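Student: Sequence:
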Amino acid sequence: MKNYTPRSEGRKFIIPSFFFIIALCVLAFINEIRFDSLLSFGRCALSNVPMNNNNGSSLLSSSSGDDEIRILIGILTLPDQYPRRHFLRMIYGTQVVPDGVKVDVKFVFCNLTKEDQKVLVALEIMRFDDIIILNCNENMNKGKTYTYFSSLPELFNETDAPNPPYHYVMKADDDTYIRLESLVASLRPLPREDLYYGYVIPCPSMDPFVHYMSGMGYLVSWDIAVWLKDSEIPKKHLEGPEDKVFGDWIREGRRGKNRFNAKWSMYNFPEPPTRCTHELWPETIAVHLLKNQEKWIRTLNYFNVTSNLKPSKLYHIP
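For what it's worth, the UniProt record's numbering labels the leading residue of the sequence shown as 1, then goes sequentially.
Treat the hints with caution; some may be incorrect.
With a Cα cut of at most 27 Å, we get these calculated DSSO-like pairs of lysine-lysine [unchecked claim]:
id	residue 1	residue 2
1	Lys142	Lys102
2	Lys244	Lys142
3	Lys235	Lys102
4	Lys313	Lys291
5	Lys244	Lys106
6	Lys106	Lys295
7	Lys313	Lys257
8	Lys257	Lys291
9	Lys114	Lys102
Think of the hints as simulated: they come from the structure by calculation, not from any bench.
These numbers come from a predicted model, not from an experiment.
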């Protein structure tokens, strides 16, 4: 019988151990690649969120732990735009938002000036309760946006309401299609204070600290609306392109330290092509410049907004 020495026994132990260690290294290397990939994905997803210069911590640290999100979307329009409002009510009324999320869509315009408006708008309010009439003369670039934001703290200052009544308030054009679920998803990781969110102008820029957010639809946290009400800065500079003027207020007041560039999930309709457009795509938050029914229909068809239509004997839609 062949004798086995302690040395040969050691070799038998060392060789399997060597291969076991190699296997562990390979597994660790694979996991490291996966972890690095996740980190890279996270860095990409949050690349638009700057660091807080005051304390050096991530801006995500200022977010509330509460999952509830309350958003007010004010669509600036004109009193006589009855068909457009009814159309947009369908657009937003058929969208579904996640549990724990409240999105209020209101139509915003200045004082009524015609007898028919006083009747028809009153009927709309009685039926839908989704209109805000500001105390101003109707205008686009002479302070209407300021009146809207600065009026909100008083309009929603109710003792039995949550504080703040909304975490975010948004101004949007009535030719913009906002996909509410996508908007909410983009807001979840963001701070709820000193936030300025939108599509950065100029079109080629990806830096949210350059210039301002496009008037197609920009959003701020509630505290900025309160600041606008109390600050003297906007009162001295009301006239001019409303989105640019808003950006001027933010810059001069040193507000909006937390900024998020939603480009290219927000963009202009692809036709005519410009530096602000691209094709419709699934990751969309908002599409702007839907100036006619054809563009609206093409957009709504792309996103299959009628896919949840329930079958019924009462109608047949091929």
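Student: For every hint, state whether the structure bears it out.
Tutor: Here's how the hints hold up against the structure:
1. Lys142 x Lys102: With Cα atoms ~31 Å apart, Lys142 and Lys102 exceed 27 Å; violated.
2. Lys244 x Lys142: Within the cut-off at roughly 12 Å; holds.
3. Lys235 x Lys102: 31 Å, violated
4. Lys313 x Lys291: Roughly 35 Å between the alpha carbons, so the hint for Lys313 and Lys291 is violated.
5. Lys244 x Lys106: 23 Å, holds
6. Lys106 x Lys295: Holds, because 23 Å separates the two Cα atoms, which is no more than 27 Å.
7. Lys313 x Lys257: Distance of about 55 Å is beyond 27 Å: violated.
8. Lys257 x Lys291: With Cα atoms ~34 Å apart, Lys257 and Lys291 exceed 27 Å; violated.
9. Lys114 x Lys102: Distance of about 34 Å is beyond 27 Å: violated.
In summary, the numbered hints that this structure violates are 1, 3, 4, 7, 8, 9.
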